[in-house]
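Asks: If you use this note's numbering, the sequence shown corresponds to residues 251 to 362, in order.
Think of the hints as simulated: they come from the structure by calculation, not from any bench. Mixed in with the good hints there might be a few duds.
Said to hold, decoys possible - Simulated crosslink set (SDA-like; lysine to any residue; CA at most 20 Å straight-line):
#1 Lys-287 <-> Thr-337
#2 Lys-313 <-> Asp-293
#3 Lys-313 <-> Ala-333
#4 Lys-287 <-> Asp-304
#5 Lys-313 <-> Ala-279
#6 Lys-287 <-> Asp-349
#7 Lys-313 <-> Asn-252
#8 Lys-287 <-> Glu-297
#9 Lys-313 <-> Pro-344
#10 Lys-313 <-> Met-303
#11 Lys-313 <-> Arg-278
#12 Lys-287 <-> Arg-257
#13 Lys-287 <-> Thr-329
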Amino acid sequence: MNASVERVRDALAELIKAALLSDDGLSRACRDAGRAKLRALADDPPEPESLRMDGAWTLAIRKAETPELAPQEGRVNLTLPRACPFTLDELIAPGLDMDQAVARIRTSASTG
251 MNASVERVRD ALAELIKAAL LSDDGLSRAC RDAGRAKLRA LADDPPEPES
301 LRMDGAWTLA IRKAETPELA PQEGRVNLTL PRACPFTLDE LIAPGLDMDQ
351 AVARIRTSAS TG
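Start from the sequences, fold in the hints, and give me the full structure.
Replies: Now the structure itself:
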């Protein structure tokens with residue numbers, strides 16, 4: 251995996267965890283971690299041709315859906331989409347609203 255994919259994967263994984271976690275404090279911690287990772291991406295954006303967002307999204311889902319977090323992932327029963335609900339430009343745009351980004355993940359998923 252190239253460094254660009256890894257960086258985007260890590261940021262998306264934090265957003266996914268924030269969407270999945272029931273505990274508001276843990277969700278907020280994931281939002282904060284995601285915000286820091288997205289800021290780093292914005293400061294040094296990957297070349298778009300070095301990155302496939304859907305691939306980074308798939309890897310982020312795998313990273314976020316860990317067995318250790320499963321007992322705390324009770325906010326909603328998500329079936330996350332195969333396609334990334336964000337473009338790279340949206341993720342690194344100044345002023346990205348983390349609450350809206352997390353809400354987008356929740357609404358892009360099927361709820362059980």
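Asks: Now tell me, hint by hint, if it's right for this structure.
Replies: Going through the hints against the structure:
1. Between Lys-287 and Thr-337 the alpha-carbon distance is near 16 Å, which keeps this suggested pair within the 20 Å criterion.
2. Distance check on the hinted pair: Lys-313 and Asp-293 sit about 23 Å apart at the alpha-carbon level, beyond 20 Å; violated.
3. At roughly 16 Å between alpha-carbon atoms, Lys-313 and Ala-333 fall within 20 Å of each other, so this suggested pair holds.
4. For the hint pairing Lys-287 with Asp-304, the CA-to-CA distance comes to about 18 Å; that is within 20 Å, so the pair holds.
5. About 16 Å separates the Cα atoms of Lys-313 and Ala-279, which keeps this hinted pair within 20 Å; it holds.
6. Distance hint between Lys-287 and Asp-349 is fulfilled; the C-alpha atoms sit about 15 Å from each other, no more than 20 Å.
7. Between Lys-313 and Asn-252, the direct Cα distance comes to roughly 16 Å. Compliance with the 20 Å bound is thereby established for this hinted pair.
8. Restraint check: the Cα-Cα separation between Lys-287 and Glu-297 comes to about 16 Å, which is no more than 20 Å; the hinted pair holds.
9. The hinted pair formed by Lys-313 and Pro-344 fails the criterion: a straight-line CA distance of about 26 Å is larger than 20 Å.
10. Distance hint between Lys-313 and Met-303 is fulfilled; the C-alpha atoms sit about 15 Å from each other, no more than 20 Å.
11. A distance of roughly 18 Å separates the Cα atoms of Lys-313 and Arg-278; the hinted pair therefore holds under the 20 Å criterion.
12. Our distance criterion of 20 Å between C-alpha atoms is met by Lys-287 and Arg-257, whose separation comes to about 8 Å.
13. With a CA separation close to 24 Å, the supplied pair Lys-287 and Thr-329 exceeds the 20 Å bound.
Checked against the numbered hints given earlier, this structure breaks hints 2, 9 and 13; the rest are met.
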